[in-house]
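Just need the whole structure built from these sequences, with the hints factored in.
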Amino acid sequence: MFKAKVIIKRRKSILDPQGKAAEQGAELLGFKNIGHVRINKEVEFFVNLDSRDEAMKEVKEFSEKLLANPIMEDFEVFLEEVDEA
Amino acid sequence: MKPKFGVVVFPGSNCDHDAYYSLKHELGYEVEFLWHKEHSLNECNVIILPGGFSYGDYIRCGAVAKLSPIMNEVVKFANDGGIVLGICNGFQILCESGLLPGVLLKNESLKFICEDVYLKVTGKSEIFTNGHNSKVARIPIAHGEGNYFIEPDGLDELEKNGQVLFRYCDASGEINKSANPHGSLNSIAGITSGQGNVLGMMPHPERACSTLLGNDDGKFIFSSIAEFIKKKEVENVL
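In order, the protein sequence lines correspond to chains A and B.
With the first letter of the first sequence counted as 1, position 84 gets the number 84 in this note's numbering; the numbers rise by one all the way through.
With the first letter of the second sequence counted as 1, position 19 gets the number 19 in this note's numbering; the numbers rise by one all the way through.
Since the hints were made in silico from the structure, they are not lab data.
Computed from a prediction, not measured in an experiment: that's the story for all the values here.
No residue lacks a Cβ here, since even glycine has one placed at the ideal position from N, Cα and C.
Watch out, some of these pointers could steer you wrong.
[As the list claims (entries may be wrong)] Dumping the calculated EDC-like pairs for lysine to aspartate or glutamate here, alpha-carbon to alpha-carbon at most 20 Å:
| no. | chain 1 | residue 1 | chain 2 | residue 2 |
| --- | --- | --- | --- | --- |
| 1 | B | K232 | B | D216 |
| 2 | A | K12 | A | E76 |
| 3 | A | K20 | B | E108 |
| 4 | A | K12 | B | E73 |
| 5 | B | K111 | A | E80 |
| 6 | A | K65 | B | E108 |
| 7 | B | K177 | B | D116 |
| 8 | A | K41 | B | E30 |
| 9 | A | K65 | B | D116 |
| 10 | A | K9 | B | D116 |
| 11 | A | K20 | A | E80 |
| 12 | A | K9 | B | E30 |
[To be verified] Computed from the model, here is a short list of chain B residues facing chain A with C-beta under 10 Å:
| no. | residue |
| --- | --- |
| 13 | L105 |
| 14 | E108 |
| 15 | E151 |
| 16 | S172 |
| 17 | G173 |
| 18 | I175 |
| 19 | K177 |
| 20 | S178 |
| 21 | A179 |
| 22 | L212 |
So, in structure tokens, the structure goes:
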């Protein structure tokens with residue numbers, strides 16, 4: 001079994017509204033050195049498969065079909081082998 | 001063939017009744033609701049995906065709605081040339097399901113915008129805007145994510161094929177940056193599919209179909225669809 005972590009990032013060219021709001025917040029708080037804030041998504045779940053390759057294939061498919069929109073987002077997958085969920 | 005409109009109802013749709021009311025009571029067409037769990041379009045020949053917040057718009061707008069059983073039927077129907085109109089959240093669902101290219105991003109201002117805007121017909125569609133080339137209409141918008149985005153190659157393709165059916169403009173019909181409410185690329189308010197039978201638009205024509213309520217500028221889109229279907233029947237008979 002694997003614990004999967006998918007990190008979804010908006011492309012650099014695409015507006016990240018949450019990041020922009022956080023950046024404006026930083027300015028209001030008086031942080032003068034903070035800029036270019038991007039807020040990404042991290043999704044965690046378990047995959048009940050023994051083969052790393054198969055697990056990777058399934059996680060990528062799930063990410064492409066639902067978790068990320070390939071038009072505006074890229075994603076990275078991390079797998080960690082575990083004994084139970 | 002008589003037009004028979006089917007309004008899909010997802011959990012979280014909130015313009016389904018507006019669409020139903022306008023089609024039935026303001027325009028006098030046959031219309032019925034289609035629940036998202038159904039596997040049949042019940043012989044409807046026009047499908048409306050209404051506005052709202054389907055499935056709370058969790059993950060992304062329209063991302064979960066595209067997985068509803070009825071969407072398999074809508075995709076098949078559209079690929080066979082069936083007429084589909086997605087309004088607001090319906091447009092977002094059409095993009096997520098791959099029936100239309102691109103994606104709707106958060107408004108540039110980061111604000112939800114609810115106001116009347118002006119649209120200009122900037123494409124030609126025998127189905128959706130027949131006889132209304134270059135028309136300017138006042139139609140309300142109500143959305144937080146209406147900022148249309150597509151990669152440059154895709155945008156070129158849309159423009160080359162004349163798929164940009166509606167653009168935001170000012171009251172005189174001039175298309176400029178200040179009339180673009182949320183930063184949409186090329187002031188895009190609505191696009192059609194390559195085949196021309198699927199239209200997605202952010203403004204709400206179904207909320208502008210009543211003179212009693214002060215605006216019926218949205219009627220022409222629905223009446224154009226109905227006329228197209230009636231005309232097709234005449235052609236088939238001849």
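Taking only the CA atoms, is the gap from K232 (chain B) to D216 (chain B) under or equal to 20 Å? With a Cα-Cα distance of about 26 Å, the restraint between K232 (chain B) and D216 (chain B) is violated, given a limit of 20 Å.
Between K9 (chain A) and D116 (chain B), is the straight-line Cα distance small enough, at 20 Å or below? 34 Å, violated
Double-check I175 (chain B) for me: the hint is only fine if its C-beta lies closer than 10 Å to a C-beta in chain A. With a minimum Cβ separation of about 22 Å from chain A (threshold 10 Å), the hint on I175 (chain B) is violated.
Less than 10 Å between beta-carbons is the criterion; does G173 (chain B) satisfy it with respect to chain A? 28 Å, violated
If you take the shortest Cβ to Cβ gap from L212 (chain B) to chain A, is it below 10 Å? 38 Å, violated
Tell me if the interface restraint on L105 (chain B) is satisfied: Cβ within less than 10 Å of some Cβ in chain A. 6 Å, holds
Would you check whether A179 (chain B) satisfies its interface hint, that is, whether its CB is within less than 10 Å of any CB in chain A? Hint on A179 (chain B): violated, closest Cβ of chain A at ~20 Å, above 10 Å.
Let me know if the C-beta of S172 (chain B) comes in closer than 10 Å to any C-beta of chain A, holds or violated. With a closest approach of 29 Å, the S172 (chain B) hint is violated.
K65 (chain A) and E108 (chain B) were given as a pair; does the straight-line alpha-carbon distance stay at or below 20 Å? Violated, because 26 Å separates the two Cα atoms, which is more than 20 Å.
Have a go at the K177 (chain B) hint: is there a Cβ in chain A nearer than 10 Å to its own Cβ? 16 Å, violated
Once the shortest beta carbon distance from E151 (chain B) to chain A is found, is it less than 10 Å? 7 Å, holds
Please work out if K65 (chain A) and D116 (chain B) have their alpha carbons no farther apart than 20 Å. Violated, because 35 Å separates the two Cα atoms, which is more than 20 Å.
Violated hints, in rising order: 1, 4, 5, 6, 8, 9, 10, 11, 12, 16, 17, 18, 19, 20, 21, 22; the structure is consistent with all others.
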